[in-house]
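Chemist: Sequence:
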Amino acid sequence: MTLPFTRMSSKPCHPLLRHRQLNYAIATLLVIALCLPAIAIAQDKPNDPLLPEQWALRRIGAECGWRRAQPTAAITIAVLDSGVDLTHPDLVAHLRRDGFDFIDNDDDPSDEHGHGTHVTGIIAAQLNNNEGIAGLTPNIQILPVRVMDAEGFGSDQAIAQGIDFALARGARVINLSLGATLILATRESSPQVSRALRRALDAGVIVVAAAGNDFVPLPNALVADNDDVIVVAASNQKDTKATFTNTGPWIDVVAPGERILSTMPTYPVFLTSDRLLPEERFRPYYDYMSGTSQAAPHVAALAAMLLAVHPDWGVAEVTAAIKYGAADIYERHPSFYRRLQLLGAGRIDICQTFAGRRRSEWPTGWMIIGSALAVSAIGGGIVWMVRRRERVAKLDRPPWMPRRY
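Numbering (this note's numbering), first residue to last: 304 to 708.
If you are wondering where the hints come from, they were derived from the structure by calculation, not from laboratory data. Be a bit skeptical, because a hint or two may be false.
As the list claims (entries may be wrong) - Restraint ranges, calculated between C-beta atoms of paired labels, are given here:
1. Val612 x Gln644: 22 to 30 Å
2. Gly455 x Arg562: 13 to 21 Å
3. Asp505 x Phe639: 31 to 39 Å
Note that the Cβ used here is the ideal one computed from N, Cα and C, for glycine as well.
Construct all of the structure, not just a fragment, from the sequences and the given hints.
Modeler: As structure tokens, this is what we get:
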């Protein structure tokens with residue numbers, strides 16, 4: 304009995320046509336296989352509830368770092384700042400307990416200001432713990448070194464001692480989200496800090512420093528003539544220079560520094576206290592800050608990622624990789640910015656840094672569309688080849704004639 308709407312043929316199928324459905328199935332599987340990496344990434348999103356508000360991580364390609372480099376406890380970043388909240392639930396798992404307080408000269412580097420906790424969260428907030436935010440290098444170890452007091456001030460002596468302490472404790476990276484603008488805040492650079500920096504750099508420690516937030520083209524006086532220090536300016540969500548950032552030919556790279564969400568102390572500190580006006584007061588646990596202080600830890604974290612993959616690299620290799628992989632954002636600025644190299648190598652790009660090549664900046668939307676078109680073209684090519692094989696087997700009609708079904 305013949306089923307309705309079924310055409311029966313007395314001629315045997317050509318061998319190529321006999322497996323036509325199999326060929327289409329193979330083509331479909333190949334297209335799906337090309338899409339699997341993107342599907343896996345989408346399904347493997349960290350569960351940190353505030354991650355969608357962390358625009359900076361998306362802009363610089365944090366997921367490339369999370370997939371490519373998994374830093375371990377063997378790599379330590381020393382955060383020389385106002386201290387850290389040692390009990391913060393998003394940080395506690397990654398804090399070393401042998402830090403020091405060079406303000407009170409004791410072994411309790413607890414944050415009394417708030418700035419240091421915010422900087423630390425950008426680097427090391429725990430990833431995928433269903434808590435708060437995601438850090439850029441979530442498996443790193445942080446050595447908290449308090450060199451700034453409750454109101455955010457510190458001496459050259461405390462900073463120099465903190466640098467030497469970090470070196471003695473085996474830190475591979477030092478983050479300095481602090482400084483003084485030459486001429487405006489100090490008459491000359493600090494020989495004491497400069498010598499400490501030189502000792503750290505000569506020992507192969509990567510030192511990252513904030514450029515400053517004075518709206519002017521003046522250098523950070525603490526860096527002085529230590530050209531090996533990576534100096535970081537700040538960018539905004541439009542990938543242009545943040546209005547407040549210092550710029551100049553001494554800038555190495557740019558990193559996100561405007562409206563950055565990160566951790567804040569869970570207890571009252573200067574920035575969350577009533578010593579500030581309500582509109583100037585920050586919230587506990589998590590809040591936004593802006594500054595080159597927020598830009599620098601993004602670069603310090605990237606340096607640690609590179610060291611995790613290349614533990615034998617030194618200052619020159621890490622700096623070169625970060626600069627070579629930076630995204631060119633000069634086209635978004637007046638032409639003299641490029642001519643004077645006011646923004647260094649550009650904005651850091653983790654994906655391109657690990658790919659080992661530099662790229663011109665493409666908008667994220669165009670990258671997604673380009674990837675989709677590439678997958679479609681490959682899939683279409685496979686289907687075309689299958690159909691071409693079918694056409695060769697059906698020489699009973701010219702290829703330009705319409706199909707009849």
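Chemist: Check the following: the C-beta atoms of glycine 455 and arginine 562 are separated by a distance inside 13 to 21 Å.
Modeler: For glycine 455 and arginine 562 the Cβ distance comes to about 20 Å; the hint holds.
Chemist: Indicate whether the distance between the beta carbons of aspartate 505 and phenylalanine 639 respects the range 31 to 39 Å.
Modeler: holds (36 Å)
Chemist: Using the Cβ atoms, figure out if valine 612 sits within 22 to 30 Å of glutamine 644.
Modeler: holds (28 Å)
Violated hints: none; the structure is consistent with every hint.
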